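S.K.: Spelled out, the chains give:
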Amino acid sequence: MSKHFYDPPDVFSPVAIFSHAVRCGRTLTLAGQAPLNDDGTVVGPGEPEVQCRRVFADLKKTLDLAGATFERVVYVRAYVTDKGVLPVVRRVASGIFGGNRPAFTTIVIPSCRGAGVMVEIELVLDLGDDST
Amino acid sequence: MKKKFLNPPALGEADACFSHGVRAGNTIWVSAQSADDAENGTARSNDPEAQCRAIFERIQAVLEVGGARLCDVVMVRGFLRHREHIQATWKVRKDVFGEHRPASTSFIVSDLEAEGALMSFEVVAMLDEACSP
Numbered sequence: 001m002s003k004h005f006y007d008p009p010d011v012f013s014p015v016a017i018f019s020h021a022v023r024c025g026r027t028l029t030l031a032g033q034a035p036l037n038d039d040g041t042v043v044g045p046g047e048p049e050v051q052c053r054r055v056f057a058d059l060k061k062t063l064d065l066a067g068a069t070f071e072r073v074v075y076v077r078a079y080v081t082d083k084g085v086l087p088v089v090r091r092v093a094s095g096i097f098g099g100n101r102p103a104f105t106t107i108v109i110p111s112c113r114g115a116g117v118m119v120e121i122e123l124v125l126d127l128g129d130d131s132t
Numbered sequence: 133m134k135k136k137f138l139n140p141p142a143l144g145e146a147d148a149c150f151s152h153g154v155r156a157g158n159t160i161w162v163s164a165q166s167a168d169d170a171e172n173g174t175a176r177s178n179d180p181e182a183q184c185r186a187i188f189e190r191i192q193a194v195l196e197v198g199g200a201r202l203c204d205v206v207m208v209r210g211f212l213r214h215r216e217h218i219q220a221t222w223k224v225r226k227d228v229f230g231e232h233r234p235a236s237t238s239f240i241v242s243d244l245e246a247e248g249a250l251m252s253f254e255v256v257a258m259l260d261e262a263c264s265p
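Chains as they are written, first to last, in the working numbering: chain X, 1 to 132; chain W, 133 to 265.
Everything labelled a hint here was simulated from the structure, so no lab data went into it.
You may find that some hints are simply not true.
Derived EDC-like pairs: lysine to aspartate or glutamate, alpha-carbon spacing no greater than 16 Å straight-line [as the list claims (entries may be wrong)]:
id, chain 1, residue 1, chain 2, residue 2
1, X, 61, X, 7
2, W, 136, X, 71
3, W, 134, X, 122
4, W, 223, W, 179
5, X, 83, W, 147
6, W, 136, W, 196
7, X, 61, X, 122
8, X, 60, X, 122
9, X, 83, W, 247
10, X, 60, X, 71
11, W, 134, X, 71
12, X, 60, X, 7
13, X, 83, W, 243
14, X, 83, X, 49
15, W, 226, W, 196
16, W, 223, W, 181
17, X, 61, X, 10
18, X, 83, X, 47
19, W, 136, X, 129
20, X, 61, X, 38
21, W, 226, W, 181
22, X, 83, W, 245
23, X, 60, X, 10
24, W, 223, W, 189
From chain W, some residues computed to sit far from chain X (all C-beta separations above 12 Å) [to be verified]:
id, residue
25, 134
26, 141
27, 177
28, 178
29, 181
30, 185
31, 203
32, 217
33, 229
34, 231
35, 233
36, 234
Note that this is a predicted model, so its numbers are computed, not measured.
Built from N, CA and C at the ideal position, the CB exists for glycine as well.
Model the full assembly from the supplied sequences, consistent with the hints where possible.
M.R.: Listed below in structure tokens is the structure:
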């Protein structure tokens with residue numbers, strides 16, 4: 001089973017050692033996405049909602065490149081620096097996943113790699129039988 | 133096969149647009165569970181062993197709805213508030229999994245969402261003919 005790697009040109013990559021998404025068979029695994037500008041600085045410092053929306057916008061670019069949609073997401077892991085950010089993640093996510101109801105794990109950590117990053121989200125998608 | 137959302141009523145509503153678990157194909161993804169009471173979202177005791185047992189009971193309930201058992205689990209991720217609780221989780225996991233030895237990663241986290249929660253665990257399970265009904 002061959003693997004496919006996806007790296008949208010307009011989503012910032014801090015270091016060229018990973019891909020934004022890898023597909024193997026029916027499973028598409030995305031790297032943790034942080035809200036970063038082209039120069040690596042954080043988008044919306046201190047503004048969790050702005051950060052969340054940017055994260056999902058960047059995730060969408062990766063999904064678009066892989067030919068996938070949020071409807072196929074089965075797992076969401078949200079890394080946040082403060083649990084007060086989680087209601088914002090839920091609110092933003094609710095407008096994105098619609099009728100899909102993925103599994104969800106929340107992880108509160110002391111800090112993210114990028115300075116000022118309050119949220120980072122990784123996804124796993126199941127693309128179904130027809131994708132293999 | 134269409135994916136199936138796994139939300140056993142005994143666990144209470146999963147929040148917002150999420151599920152306690154999802155089955156897609158032969159893989160079951162279980163959301164991190166903490167030992168919070170479905171009624172009020174508060175962890176039931178301050179005892180790491182008791183919380184860990186309650187968590188794996190919840191995980192088992194989600195797996196069952198997805199047609200899987202604990203022996204189908206391939207990956208366990210644990211998120212602990214306190215490093216010193218890890219031995220208690222090992223004891224429970226030994227009891228729960230017996231000779232079954234899934235891959236495992238443990239994290240020490242700075243906080244957990246549920247009030248009073250000392251830990252949470254998520255699992256990924258894959259069904260195979262040898263183990264599953």
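S.K.: For which of the previously enumerated hints does the structure constitute a violation, in increasing order of number?
M.R.: Going through the list in order, the structure violates hints 3, 15 and 25 and respects the others.
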